[in-house]
Amino acid sequence: MEEVDRILIHSLRQAGTDIDEDVQSVKQFTSELIVEAVVRCLRVIDPGLGSGVSTTLPPGMSARFRLGMSLAQACQDLGYKGEIGYQTFLYSNEPEIRSLLMFLVEKLPRESAEASDQPAGKSALLQKAIAAQIKAQLALPWLPPSCRLPLHCKTQSPGPCHSFRAQPLSLPYSLKAPSKKQAKEVKEYWRVHLLPVTSQPSQHASVPASLLENHVSELSAAQEWENEWNSQGLLSRLTPEDYRSRKRARLQKRIEEQLRTAAQPRPDTHGATRSTSDLTELLNSFGGTATGGDILTKGTRFTHSEKFTFTQEPEKAAQQMAAAASALPSSHQSEEDLKAKQEAELSDLQQQLQQLSVQMEEVGGDIRQLTVSIHQVSDELKQRELSNSEKQDTVKVKKQTIDLLPDAENNLVKLQSLVEGSAKRVVHLASQWEKHRAPLIDEHRRLKELCSNREMESSMKLSEIKDLHDKIRHSAEEAKKKESLYKQLITEYETLPKDVSRSAYTMRILEIVSNIKKQKEEITKILSDTKELQKEINGLTGKLDRTFAVTDELVFKDAKKDESVRKSYKYLAALHENCTQLIQTIEDTGTIMREIRDLEEQIETENGKKTVSNLEKILEDYKAIRQENSALAAKIRDG
Amino acid sequence: MELSDSVVKGLQTLADPACFDFRAFTAFTEVAFDSLLSSRTDRALDLPELKKIDQALLKHCHVATTTFILEGIKQNADKSTISSCLEDVKFDSERVDAFYTSYQKNKRNLESLLSSIDRCPPHITDASWRLEYCMKNGHVHNVNQPTFLISFNTEDGGNEGTSSDVNFSCTLEQLQDLVGKMKDAAKSMERATQL
Amino acid sequence: MLLVFSDEHKEHLGFLPEVDSSVVGEFGRIAVEFLKKGSNPKIYEGAARKLNVPSETIQHGVEGLMYLLTESSKLMISDVDFQDSVLVLGFSEELNKLLLQLYLENRKEIRQILGELAPSLPHYQNLEWRLDVQLASRALRQQVKPTVTMKLHLKSGGTQTARLFQTDPATLLHLLQELERALAEVKSNHCRRILRNIK
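Chains as they are written, first to last, in numbering that gives the first Met the number 0: chain A, 0 to 638; chain B, 0 to 194; chain C, 0 to 198.
Just to be clear, a hint being listed does not mean it is correct.
To be verified - Once the Cα atoms are required to be at most 25 Å apart in a straight line, the calculated DSS-like pairs of lysine-lysine come out as: (1) Lys183/A <-> Lys51/B; (2) Lys150/C <-> Lys180/B; (3) Lys51/B <-> Lys186/A.
Bear in mind the hints are in silico, worked out from the structure with no lab data behind them.
Quick caveat, the model's predicted, so the values are computed rather than measured.
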């Protein structure tokens, strides 16, 4: 029974009944506890049935009676077959209560138990974490601000606050080009002048923000590239480097076109000329990198701009780097010094700039004039050359015809034969060409087919690759999800109480089953023993009867002859009678013993029903009802 | 945890015993954590242990390591995440352990560093009060009413923790109203713990 | 306590017996109205035209009434004292009663208006609160930081201001404790004795 009770109490606790730790068996259940347990179970089984009943026993007797009646009715509605009434709850006895509770616990819906096996949702976990955090903070005593420990500082004071302020960082590597291709000066800058990233931002508080932001931007750039490569790059069948360079060229061309259309020279506006000339220079520098070789031979102003940009570039880069380095806060200079210096530098530079721009303008004017004149001259030159060569050709033809004129007829025949010969040759060559052509065309067709096959194959492979990419991404995502789920389940498993384990239950059940088996075996053994005994008894009685009959006959025969034998016969008869009596008595004792045992058992069960205490309770309750009644009557009379 | 290529490259360099021997590695990780937490880091990488290493490479590793640390703290990465990430970039187990020990040691401080990137209204830290009995003033005599002067001490984290007071007065009824509302708040908070 | 009238005040009020009692009642109503909402000189002119007297006289009369009402309300004099004080003016019985009634009817309101003139700190109006839990920020994911955000509405003079604060659970409980102590103080023996004795 202990096992049963433990399981019962456990399931009742799960159903929401508040059972004390020291209540170990159903025997210790009070009426209040029984009512609460039954009502809670009813509420779980069928909310409609149990919601109308309170979980606590009311103080008034009549109300208690009504509660008991409604509970009994609810249990019967659920299909409870046993005897049940208000007395079951108010004047409980152990076996009845146990069978009722077992019935109710069996009726408890299984889903609730299964639902608790499911992994708790994220929101539930979050709720728990929040509850735990608030509890932890409430558990800390409040301390005045001046005597706070670091522990309190975290929660009870706001701590320093900064906004998320990211600043651009200068990094000792380049995302665009491998470090080997970097210019020597850049590398020098990285090695010698560049500050560690953590001291680059002007305020230390923006170090983490800047680093995190830098990382995020790198990641998102990589992701964008990945997307583009997967969607377009793979289809273009180029290596990533080729794809990139082609894209760059395309973009450059587009920019160039846009700028060119925007920078159509407008002669009416004087102010625009400078900017358009700058623009054309820019355009030239664009083109310069792409088609440098051609321009060099022509020797126009492109070369100038080329030279200019190339020679300027390293200097510019160095200047920029120096500027960047000086822009970084150096701790050794005071701010005012820096400011004054910067101002001086600024005015200096401005002056230089002005001078340079004036010079530039002058030189630019010169260049423009010169280029215009060069253009004109070269155009003229070309035209002259063209006319020259034309004239030379005509002179040649005329000279030949003049040479042929003296022997006109002969030459005519010769020419005709020459013409015929060449016509024949042409026909011959054509037939020969036909001969060659046919196999070549076949070959060409074959190769074409092969090529298209190849293309098909490669496109198939491409699509396969794409699929694979997708699959890889999917699997990676799934793996991530599964991993997080696994982690969550592990933590949950760790937090789960270990005392009620399934295996313990099954072990116990198996034990009980084996116990029952053992008991059954013993019972059968005892039964067979009893049967054997019965047989033996029967055999013995038969033997006795037979022996007695034989002895009786023998002795009776002799008794007719001899007096002493007759006496012995009498004795025999008496002995027999006494023995039968004895046997009878023994049997009687056995039955009585059995009866006694039966009665004892009955007494035990009656005792278990707590009849005496229940009777006392009933008497008290009866008195209470009488009192209530009389009080009510008095009230009526008064009223 | 997702890492960009440059971070991965930097960490791989750090994992390479040909570049960083173990002594240099421990010194370097120490410097990386310190440089995030302390504000004077201009000469942080000038250590005798790190003299042999190319400065540009060293700075790259520094960027990568500090970024990795911050990402780890930001995502609240646990031991398995950290070690799997580090093993992916070829850290041997000795270095993983050494790194994780420093990570664990500095985690609390780094967390508060990151949580300080935040904005919040002034934080009430304490309250004091004074009960006054007003008898008369220039305009009315025989006022005879109790008045509470309440002052909330607040700290503003955004202003380098400057504290200031908010003073206001209440009549008895108003104070009862205030206390009632704060009680509601406290109750709802306690309810939140019982989930 | 009796009111002491200056001669000028007496002279100003001297206009009252010259007009009908209903007109005095009207003047009283206007005086109370002006105390509540500020004066309006147009009304003086209208009344002056109707009664055919200079508008200054009307103004003096009404202002005299206003001063009488504010002074007596400020000192919270009893009705007997009021009657005795007004007796000095030598008005008719009916007029005195009218004034007394005016005084008693409006005393509370006038005291309230006067009370607002007293210098005071911003006054508590209302408190709104909200329980927040910060779960993540841009730089730190996965945090749990419960705070109670409060909006304190204060009124200073005629202007309402609202200020935003936050606090943590432990401090909230401390604040609550502290303020409850303040509330309990008003019921302490010491405080009650003072309240009783000063009345």
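Status of the hints after comparison with the structure:
1. Between Lys183/A and Lys51/B, the direct Cα distance comes to roughly 20 Å. Compliance with the 25 Å bound is thereby established for this hinted pair.
2. Taking the CA atoms of Lys150/C and Lys180/B, the gap is near 11 Å; set against the 25 Å cutoff, the hint holds.
3. Between Lys51/B and Lys186/A the CA atoms are separated by roughly 17 Å; this keeps the pair inside 25 Å, and the hint holds.
Consistency with the previously given hints is maintained throughout, with no hint failing.
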